[in-house]
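Trainee: Sequence:
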Amino acid sequence: MVKLFYTLLLGVIVIINFCHCYYDINIVITLDASEDIGKLPFIGIKATLTSLLKDNILIFQNSTSGAKIGIVYYGSSIEKIYYVNDFSSVEDAIDTIINLKYLSGESESLTTVFRNVRNIINHESYRKNIPSWVIHFTFEPSLDCNYNDYAAACFLTKQLKDNGTIITIVNLVSVDNNTTTPTNDMGSPSYSLPSDVHLVENLNKLMRNISTHNNPTVYSVRDCDKNISSLWLDIIFVIDTSINMEKEGVLSSFGSMISFLSTGFSYNTSDLFYSRLAILTASDNVTVMTKLSDEKNLKDIVGLLHSIEYSTSLSMDTYKALESVENILATDKNGRKDVPTMIVFMTANDNYDCTIASPPKFCSLAYRIKYRHNTYIVNIDVAIPEKSNFAGHSIASKGMDISNNNNMIRNLVDIALDINCFCPKGFDQFISPNGITKTTECVFWQTIPAGYRSAQYSCSTLKGTLVDVTSMYKFLWLKKFSENKSFWVGLNNMNGLRKFAWDNGNSLVNDSIINSLNTTDDRYSYCLSRTETGGWESSHCSFAVPSLPYFCQITGRMKIFLPLTFIIIPLIYAKNYPFRYFSGTFLVDNGGRECFYQAIEDKKYKYLEVTYYSYDDDDTTIAYNVYFNESKEIDFRNNVSDHYGKYDLEGDGVGLYKICFEVIHTTYKQEPIHFTLKLSNDESVNSNRIETSDSVGHGKEKSSIDIQLDKVSSYLDKIEMAQNKYRQFEHISREKAEETFSFTNYCNLIILIVSLLTYITHIYVIKALFDSNSLPAKIMRKIY
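Numbering (full-length UniProt numbering), first residue to last: 1 to 784.
Hints are computed from structural coordinates only; laboratory data are not their basis.
Careful, some of the hints might be misleading.
Once the Cα atoms are required to be at most 25 Å apart in a straight line, the calculated SDA-like pairs of lysine to any residue come out as [unchecked claim]:
#	residue 1	residue 2
1	480	374
2	46	111
3	80	91
4	54	100
5	158	111
6	370	358
7	463	589
8	480	536
9	337	224
Sequences and hints are given; from them, build the entire structure.
Mentor: In structure tokens:
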């Protein structure tokens with residue numbers, strides 16, 4: 001058995017040079033973790049499967065192309081069934097296989113095993129045209145279908161084979177047992193294999209023969225997480241309480257609402273991520289039963305729903321209801337402006353159409369609400385009878401009309417999950433070709449050119465990578481932002497094996513692309529870009545040259561919240577660097593000092609305005625200074641955690657202004673300081689004004705996650721600063737060279753004038769000596 005273990009591992013090691021392509025195939029693996037297999041062979045089988053899968057298949061989510069993997073994992077009973085949609089990537093499947101544990105005990109019957117195999121294959125009805133391949137490992141020298149224990153299993157395998165499924169039986173019997181290659185009636189003819197050192201190679205050959213081998217031209221996306229336990233939303237329920245609603249007898253729907261609100265949400269405001277709920281009742285008038293900011297738990301919510309009473313109004317005033325919703329969005333979203341908002345209307349009013357030429361007035365108000373960032377309206381139609389063509393004509397966001405039937409909760413959960421899949425501000429979310437399905441691919445277009453490795457570092461500060469472009473569809477989508485410019489992509493061979501791979505781990509690498517490039521010199525690393533026409537170009541990987549713009553791609557996930565706003569400004573953060581405007585957060589080490597400079601070259605501006613605040617104002621001591629021309633101190637503040645200063649440039653004059661911050665004490669290793677500086681002609685004076693970003697507030701209102709996010713913003717600032725500092729140093733050097741050149745010219749002019757005067761004086765003296773009859777003149781004439 002130990003020898004078999006090493007044989008399986010050796011079979012893994014000897015196969016190292018397979019093409020980076022993929023196959024259209026459905027693979028179902030049976031993994032026996034019982035004592036009939038044994039612990040060491042079980043480990044060897046997992047290593048064999050890992051080697052088979054890791055380089056040669058690609059899983060496309062929601063696609064009829066690529067590979068799908070199912071697993072029947074069993075010991076003395078079926079431990080777990082993995083259907084093919086349980087894996088979103090090859091990496092997911094491999095991680096699952098690696099983490100499967102040895103179970104011991106006697107093996108489950110093959111009848112039960114292959115019944116589950118059949119269920120997995122039949123479950124994928126939309127991929128019937130894709131070949132299916134079953135791999136089964138066994139120590140049985142012969143699976144004789146005439147043997148009673150195998151008769152039922154053989155009947156199942158015959159059904160599978162009759163439907164075109166290929167079954168490979170891998171015989172784990174050692175080759176030195178004087179046993180010829182066993183015959184297995186359960187397996188497909190010519191497809192059973194011995195477990196020797198060529199096992200992985202032979203499995204690869206079988207996969208290549210069975211599958212439809214394609215070039216990677218299909219479209220693949222990373223789907224949003226469908227885990228309901230991680231919902232993080234602000235939900236506003238608007239409930240119709242008119243007589244029309246009461247007649248429909250929808251009290252039972254409240255039970256569905258409670259079921260929905262009971263699953264996947266945390267209402268505990270002390271949690272880092274929690275959901276909030278507002279409930280409005282609407283008829284002729286609107287009543288706000290509870291606001292988003294009101295603290296409540298599930299028990300309170302249930303009590304509020306049960307306390308709802310119907311009015312005598314004939315119908316709900318939709319315009320008033322939407323006005324109340326808009327007021328909540330304007331006044332009750334402090335600190336959570338980018339948390340998705342789900343507005344759920346439960347109403348029997350379906351007697352309108354927002355798509356006609358002259359829609360009701362409330363339709364435009366609904367459109368204005370839906371236009372807000374991460375804000376969606378869901379319309380649950382409880383009218384009886386239901387209007388069959390009402391979906392798509394209501395106030396709801398696209399695809400968010402729901403009928404009051406048995407699927408209401410399921411549809412509501414699906415919509416909530418879809419809403420909860422979002423990208424941070426400044427990023428664009430990649431949508432699948434159907435125009436509706438969201439993906440977790442969020443991209444940001446960086447127009448400032450950079451070397452490849454600098455671009456990689458820039459994206460890494462966002463917890464992302466350079467973009468992957470695995471389909472022409474995605475390239476055409478990116479082209480909308482790239483202004484017909486070439487841009488870096490995250491495909492390179494900078495790893496130790498000089499093997500081309502995507503920075504984000506995407507396993508799709510097209511050999512035809514790589515072979516078309518001049519990348520034959522193994523001494524260099526090559527990094528790729530896409531041209532404006534969609535072509536591929538390779539360059540040596542460098543921090544500086546060549547420089548191209550690029551896309552950063554991050555993963556938009558539920559419970560991942562990165563409210564970043566990108567402003568392209570002449571931002572400078574370096575010693576002696578003048579800039580005209582800055583707004584952002586920077587970090588100062590505890591005990592450290594940082595200075596910013598603003599050069600005033602003329603009196604175009606009247607005022608220099610400086611605003612700052614620290615987030616941890618209770619335990620932070622900051623010294624703040626403003627200097628004019630380095631030496632003259634025009635302002636000093638000590639132990640002030642926030643301050644607004646406005647300085648009269650007409651009074652102080654033109655020159656260089658320096659603003660310094662020194663963190664004397666803080667409880668953190670680094671203190672984040674929000675700092676705004678600008679030049680203005682504004683005559684107003686507001687000594688108490690403190691500017692904040694996104695209306696978060698200052699001081700204690702900043703949460704811990706806001707501080708972490710501002711750190712990310714600070715890193716982005718530093719990237720841009722680093723990209724500009726060379727330009728600035730060149731500017732400063734040029735100014736100094738011009739000053740030196742001017743000074744030299746002045747000196748040369750003075751020397752020229754002095755030389756001319758000396759020459760004229762010499763001529764005059766000589767002339768005087770020759771014209772005079774004095775004794776000295778006579779002596780000089782004799783000398784000359």
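Trainee: Decide if the proposed pair is consistent with the structure: residue 480 and residue 374, CA atoms, cutoff 25 Å inclusive.
Mentor: holds (22 Å)
Trainee: CA of residue 463 to CA of residue 589, is that 25 Å or under?
Mentor: With Cα atoms ~23 Å apart, residue 463 and residue 589 stay inside 25 Å; holds.
Trainee: Taking only the CA atoms, is the gap from residue 337 to residue 224 under or equal to 25 Å?
Mentor: Holds - the C-alpha atoms of residue 224 and residue 337 are around 21 Å apart, at most 25 Å.
Trainee: When you check the alpha-carbon spacing of residue 158 and residue 111, does it fall within 25 Å?
Mentor: holds (12 Å)
Trainee: Verify the proposed pairing of residue 480 with residue 536, using a straight-line Cα cut of 25 Å.
Mentor: holds (18 Å)
Trainee: Are residue 54 and residue 100 close enough, with their CA atoms no more than 25 Å apart?
Mentor: Measuring from Cα to Cα gives roughly 17 Å; hence the hint holds.
Trainee: Take a quick look at whether residue 46 and residue 111 sit within 25 Å of each other, Cα to Cα.
Mentor: Status holds; Cα separation ~23 Å.
Trainee: Would you check the hint for residue 80 and residue 91, treating anything up to 25 Å between C-alpha atoms as holding?
Mentor: Given pair residue 80, residue 91 holds - Cα atoms ~19 Å apart, limit 25 Å.
Trainee: Mind checking the alpha carbons of residue 370 and residue 358 for me, to see if they're no more than 25 Å apart?
Mentor: holds (19 Å)
Figure legend: structure checked against the earlier numbered hints; every hint is met.
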